[in-house]
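Student: Listed here are the chains, written in short residue letters.
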Amino acid sequence: MMRWFKQPPPRGVLLALLAAGLAACFAIEQFGLVDDYVRFVLITLGINIILCVSLNLVNGWMGEFSVGHAGFMALGAYLSACVSVKWLGWGDPLWMFPLAVMAGGLLAGAVGLLLGLLSFKTRGDYLAIITLAFLMIVKSGIENIPYVGGPRGFLGIGNHTTLLWTAVWTVLTLWAIRNLVYSRFGRGIVAVREDEIAANAMGVDTRKAKLAAFVVSSFFGGVAGALFAHQLQFINPGVFDIVKSTEILVMVYLGGIGSLGGSILGAAAFTILAQVLQPLGTWRMVILPLILVLLMLFRPRGIMGMREFPWFVPRREFPAKEDKK
Amino acid sequence: MDYFAQQAINAVQLGSIYALIALGYSMVYGVLVMINFAHGDVFMVSSFFCFLLLLVLPVPFGAALIIVMLATAILGVAIERLAYRPLRNAPRVSAIITALGCGLVIQNTTLSLSPYSQRMPELFVPVLQHFGGVTVSSLQVLIIGVSVGLMIALDFFIRKTRYGMAMRAIAQDRISVPLMGVPVNQIIAMTFAIGAALGGAAGVLYASAYPVISATMGVLVGWKAFVAAVIGGIGNVRGAVLGAYVLGAVEVFTVTILPSTYRDLVVYSLLLVILVFKPYGLLGRPSVQKV
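Residue numbers (this note's numbering), protein chains in the order written: chain A, 5 to 329; chain B, 1221 to 1511.
With the rest of the complex left out, here is chain A (with noise of 0.2 Å):
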């Protein structure tokens, strides 16, 4: 038994495993077999796997401190809920949802290029005033469009947001990030943590690298973000301050850098202790980033710093078999 965990399972069993979860979330959703809290809370749970997992390709695999992922979130929430509700409302959402959280991730993404563009003159602590920068200066600027409701925030956003969907977006987000960080090309992003200079010198394209770790997880921050519009159906500017970031932080660090099975137990972790400290008001937002200060000072790997599953490994990371001599 124990076999099956310790490398990753047959193609067929993971693909088909995938499919049963996908069936079950369609299910649930079209027979109504959870109550609507415990569905609000598993498209939660979806919602902050996205969220956690595209950071950790910047904060994790490649060492950098960006503190703006809950602007990217801004982007795509505002972009999508312009398109769902104000350009294409006529639409039908089987198809025009798609389109809308398509829409936000890519406005998220050409953001995250440009942030991506600065990161090369700048490393570190700059960086991480420069993400905050820019996530003060998405909040103030959403604030000053009436367009979107500025201060106020834009209401009458649709509940598209369905289990199935945000089912199908974070296994997409998974899949994305494992095979970019376990492609040739991801490993530059890697490498760019352990020593940009050395792997400069090595021939890896070091800008390129940074270019796209930053464009596919502002990409995913926007998604996320589009999904989180569709599913509180009402976002102001206020929602996506560096609390939010935070938030995502905690996520990311409980679970581990440079994990994919870390960011998944993180953001399940994060979402459910979110969930039982919710009588206690404001006071847990006390007690969340004193876990992180804990977290930091007693465990800094997290729960899955650097390890991971081997479910979520390629194959072909493993050795083939020695033949039993």
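The hints are simulated quantities; they were obtained by calculation from the structure and are not laboratory data.
Check each hint, because a few of them may be wrong.
[What the hints assert, rightly or not] Below, computed lysine-lysine pairings styled on DSSO-like, alpha-carbon distance capped at 30 Å:
(1) B:LYS1498 x A:LYS125
(2) A:LYS212 x A:LYS125
(3) A:LYS212 x B:LYS1498
Starting from the structure of chain A, add chain B where the hints point.
Tutor: Just chain B now, kept in the frame of chain A:
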């Protein structure tokens, strides 16, 4: 013209308060190469200290200033001791995350204890003086005077005393300085104490100038001061002061031209532009003394 002069005075007043907070960011960065994200919230808490103090016993301005500065210094040292010192040799990112977390803990604790903004009791009764069309209140003179006095004292301290020399030495080389017999831990704790005390002074001055205080002030005001420190060249004490006055002027004159909702947009865009063209701030990094 009068209007312009009036706004200029307001800009200097705001810039002075920013400068006091920015110095705390800059000193810590200079010594430890670490962004102390919690500093803005330390500033915020200091104005609540002042509020509580005045609630308990109405002391005069000078006494309140000193008591609050002491209390804030203790808080600053406590944060350093509990949260930052254990991480001094950990990866840099751990320290930034911890600082961010500490700031949020302070901010949200204050928010939970005082969900609404508080109206500050009057600490100082201002006297208005008219010079032509320009009105200067004695409060403004006091704020600018106290801030500039503290800045000059700090500059003297860093440049002329043994402790200041030790701080500069740690900024230059933290590995070999202990070998020369400099008590690094004490000097770093002292840096945090001074930085926090200056933030405490800023808290008292801010609360007497704009007497409505709230838990979000750390983000609204404190982080602006951080922007000022970065614009000036973080780690550089004189740069922090320069950046603060630049920022104060930009903010005040933005609001006179554009609606006030554009203020943050302009400030953070300015930060981005400066970081793109002068990645290490106005007063640069390499040739200037760090603290």
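Student: Against each hint, give a clear statement of whether it holds in the structure.
Tutor: How the hints compare with the structure:
Annotation: proposed proximity of LYS1498 (chain B) to LYS125 (chain A) holds, straight-line Cα distance about 10 Å (limit 30 Å). Between LYS212 (chain A) and LYS125 (chain A) the CA atoms are separated by roughly 14 Å; this keeps the pair inside 30 Å, and the hint holds. For the proposed pair LYS212 (chain A) and LYS1498 (chain B), the alpha carbon gap of about 23 Å is at most 30 Å, so the pair holds.
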